[in-house]
Amino acid sequence: MDMNRRQFFRACAAGLGGSSLALLGFSPQPVLAEARSFKLERTTETRNTCTYCAVGCGIIMYSLGDKAKNAKSDIIHIEGDPDHPVNRGTLCPKGAGLLDFVHSANRLKYPQYRAPGSTEWKRMSWDETFDRIAKLMKADRDANFIAKSDDGITVNRWLTTGMLAASASSNESGYLTQKVMRSMGLLVFDNQARV
Amino acid sequence: MTNHWVDIKNADIILIMGGNAAEAHPCGFKWVTEAKAHNKARLIVVDPRFTRSAALADYYAPIRVGTDIAFLGGVINYLLINDKIQKEYVKAYTNASFLIDSSYTFADGLFSGYSPDKRSYDRTSWGYQKDKAGFAMVDETLQDPNCVYQILKKHYARYTPEMVSQICGTPKESFLKVCEMIASSAPPNRAMTIMYALGWTQHSVGSQMIRTGAMLQLLLGNIGISGGGMNALRGHSNIQGLTDLGLLTDQLPGYYGLPAQKESYDDFVKARALKPLRPNQTSYWQNFPKFHVSLMKAWYGNAATKENNWAFDYLPKVDKMYDVLQAFELMGQGKMNGYICQGFNPVGSFPNKAKIVGALSKLKFLVIIDPLATETSEFWKNYGPYNDVDSTKIQTEVFRLPSTCFAEEDGSLTNSGRWLQWHWKGADPPGEAKGDPEIIAELYLRIRAMYAKSGGAFPDPIVNLTWGYRTPLSPLPEELAMEYNGKALVDVADPKDPTKLIQTAGQQLPSFAALRDDGTTACGCWIYCGSWTQAGNQMARRDNSDPWGNGQTLNWAWAWPVNRRILYNRASSDPAGKPWDPKRRLIFWNGKAWAGSDVPDYGAAAPEDNVGPFIMTAEGVAKLFTPVGMVDGPIPEHYEPFESPLWVNALHPKAKLTRANPAARVFKGDLEAFGTPKDFPYAATTYRLTEHFHYWTKHNDLNSITQPQQFVELGEELAKEKGIKDGDRVKVRSNRGQIEAVACVTKRIKALDCNGTKVHTVGIPNHWGFIGVAKPGYLANTLTPFVGDANTQTPEYKAFIVNIEKA
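Line order of the protein sequences matches chains A and B.
Each residue of the first sequence is one higher than the one before, counting from 1 in my numbering.
Each residue of the second sequence is one higher than the one before, counting from 1 in my numbering.
Heads up, some of the hints might be wrong.
[Stated by the list, open to error] Chain A stretches covered by chain B per the calculated footprint, using a threshold of three residues with CB under 8 Å from any CB of chain B:
id	stretch
1	156-167
2	179-186
[What the hints assert, rightly or not] Sample of chain A residues lacking proximity to chain B, with all beta carbon distances greater than 12 Å (derived):
id	residue
3	S37
4	K39
5	E41
6	R123
7	K138
8	Y175
It is worth saying that the hints were derived from the structure and are not from the lab.
Where a beta carbon is used, it is the ideal one built from N, C-alpha and C, also for glycine.
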């Protein structure tokens with residue numbers, strides 16, 4: 001039997017009676033040399049839509065982890081959805097690289113803050129971040145809200161804070177953003193459709 | 001898109017102009033190759049560069065940047081002179097026969113009603129002649145000199161092939177060849193589709209360019225039919241959705257404007273609930289009060305009552321557009337304090353980068369919500385020549401909040417073909433990143449709590465906003481989707497049979513036909529009503545069967561409105577309800593009802609009822625001439641880009657005012673920032689590459705490996721003149737700044753002869769910046785001008801002037 005200690009434990013832990021018995025010495029050499037099983041066989045498939053242009057290609061994301069409590073999902077492969085009537089399984093050079101967007105080294109991980117005049121970021125908790133932004137927004141709204149125009153018409157608008165909304169975000173996100181921002185009286189408001 | 005991606009396969013002629021689908025929308029472009037391979041379609045590409053789309057075209061014609069109206073106006077002239085239009089369609093389905101007010105005039109590039117001080121038009125003289133009943137008058141013979149058909153004929157008679165060639169630099173023979181190919185789609189059994197993108201929108205006359213294309217399609221009878229249409233190839237995965245939902249300065253969900261300052265509630269309703277302008281017409285916007293009251297019930301619940309005009313005072317009133325150019329103008333003047341960028345990188349995306357960074361430096365606080373580290377989030381940081389700022393002098397507080405990306409959330413996105421497609425989460429986001437709805441909810445709930453506790457400026461709309469989400473800090477996508485679809489608020493009995501209910505309290509509504517204006521329905525976006533009905537989430541449907549074989553797949557996802565795949569599809573049949581082309585059946589009259597392969601864009605009226613196919617217009621027909629739709633003219637006219645290599649507009653060379661669009665807004669200071677051909681003799685345009693997506697993919701390894709370094713493209717002749725070799729480093733300057741990049745000398749951009757002036761064009765790909773894993777580069781928008789389309793204020797990124805030299 002040609003097996004080091006680590007391989008021995010792994011074989012025992014595999015658990016399935018027949019196969020582990022086989023690995024424990026009752027198998028011919030070629031079994032050990034067998035190619036690994038296809039990686040995607042053990043993944044979870046999730047349907048999604050490419051995040052880039054508005055062709056709206058269907059994609060399948062393959063993730064490791066079976067969604068059990070301690071199994072953190074990790075997307076390891078993305079490909080075109082063959083059922084999708086528009087892209088029929090294909091992707092373009094942008095879409096083919098989607099996995100690198102998900103795992104980009106430049107993904108933001110924590111809230112950060114840059115103080116006036118500073119040359120650097122410092123990490124901040126979500127709680128403090130939300131608290132400070134909410135206070136800044138309310139203070140600005142209270143100080144600059146225009147309830148009536150010069151000629152006495154009720155206009156209820158707030159022009160000193162503005163927002164650009166994300167046109168790669170979902171309809172649900174966009175709807176909530178629209179609903180909340182208009183309730184505050186925002187007019188300086190646009191999304192990428194403007195450019 | 002009036003049509004959708006798969007439908008492109010049904011075209012006979014495909015015109016790609018103002019876009020480069022093979023490069024920017026490759027999987028959509030596959031339907032062009034499908035049409036070529038299986039429908040014998042012929043592809044025409046008109047573009048300043050011999051693009052990747054051009055490489056696959058049956059015919060390519062070059063054009064100078066920013067002159068598309070001259071080109072298309074020339075095609076219209078060709079069609080009218082040679083009578084190559086689909087006459088029956090034009091007569092029955094457009095306003096060609098409508099009579100325009102006799103005071104309407106056009107001279108020296110100006111339409112009647114112009115005020116030079118305001119740089120805008122009074123549109124009264126562009127209106128219809130009306131009869132005593134208030135209906136527009138028509139001349140079915142099309143002979144009256146004031147009828148739209150005759151006005152068009154006269155207007156475009158100036159756009160001769162010689163004039164087109166002078167302005168566009170397109171050789172006359174090439175132009176005529178394109179005319180011939182386009183005209184071949186005039187017979188009822190032939191269809192042409194037009195595919196366009198930012199190459200048409202990003203001009204000071206962008207909206208009118210698109211209008212010219214639409215007019216062409218109407219004259220050819222190509223709107224509402226399979227394989228036809230005006231197809232905008234939109235650039236972001238949900239840019240269509242955010243437009244539909246009205247996240248634009250003056251818009252509410254479902255394509256109507258917030259009230260203007262001068263409008264009372266009655267004015268507001270009256271201006272949007274359009275009454276028919278011809279007898280028997282649908283004018284579907286008459287239902288506007290149902291859409292709007294239902295929106296206000298969705299947002300404000302019991303606080304929106306008939307007595308308070310459905311919380312009319314809760315809506316901010318518009319005194320002017322606060323589009324992005326206006327916003328940064330005000331910011332630069334120090335008139336703004338706070339700004340939130342949610343998945344948006346204005347330092348990369350907006351024109352005149354120096355002006356943008358200067359404006360952000362005057363803010364008190366900036367909030368970035370993004371999955372990636374954008375240039376905007378670090379506008380205050382010195383990146384050497386790429387962003388040469390002094391951090392210590394920038395007093396803006398910056399918060400950077402990490403958000404999820406597509407793979408880490410559930411929800412729907414609306415593609416260019418108006419399909420709402422649901423997607424599912426595959427993994428958790430990195431670190432502490434949160435979804436956008438959670439971030440908005442957290443901010444809102446904290447602000448609401450402060451208003452509830454200590455009051456402040458007009459707290460009413462904030463504290464009364466409906467928020468019945470199960471977990472208030474984290475509204476579920478399912479809850480939000482059900483809210484924008486809409487539901488019944490109370491039981492309503494059928495007036496004809498009180499034992500039957502026409503709606504049951506709490507139930508999801510089946511379509512916007514069920515909306516009511518009495519406060520008994522709530523709906524957050526009327527055009528999305530039907531996306532999540534009592535039968536469940538229609539956007540998640542995955543049946544790709546295509547029983548008619550024409551690519552309609554009605555059970556795949558859900559398209560707005562009411563799952564209709566091709567807009568204006570009633571026009572696919574003749575006035576008697578018979579398909580213009582028996583091989584191209586969308587909807588038709590089967591003797592009792594409208595049937596076919598699509599959801600009819602029409603009511604139940606029989607053909608003999610004489611109801612027009614364009615049910616959303618007050619006219620019932622499509623508008624070749626628009627009395628009220630546009631601010632810069634009822635029909636398109638060619639104007640030069642604000643920065644043009646030519647000193648004059650060849651159509652009216654003596655009129656200085658109408659060299660560029662006289663109704664476009666130009667801010668003080670920006671006029672001075674425009675260059676002249678003396679210092680900047682070359683035309684320039686920005687564009688995109690297939691390996692990259694805007695400023696995102698420079699953060700990705702694969703994309704950055706395939707296209708690592710910034711370059712600019714110039715033709716061999718210009719390169720030779722300037723002593724530039726392929727691979728040299730070059731400087732490109734505009735009146736606003738300078739970039740340095742590698743020169744890519746190609747055969748793809750040729751010099752054009754514009755009335756004796758030789759015009760060279762420099763191509764400037766976007767995609768690089770000072771943050772990313774690709775090699776650092778200069779933001780292309782360092783060079784672009786701060787002026788927008790007169791109607792939409794979309795900046796003129798596609799046509800400006802530069803100089804170039806070896807670095």
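Hint-by-hint comparison with the structure:
no., hint, verdict
1, 156-167, "holds (count 12)"
2, 179-186, "holds (count 7)"
3, S37, "holds, 21 Å"
4, K39, "holds, 16 Å"
5, E41, "holds, 17 Å"
6, R123, "violated, 10 Å"
7, K138, "violated, 5 Å"
8, Y175, "violated, 5 Å"
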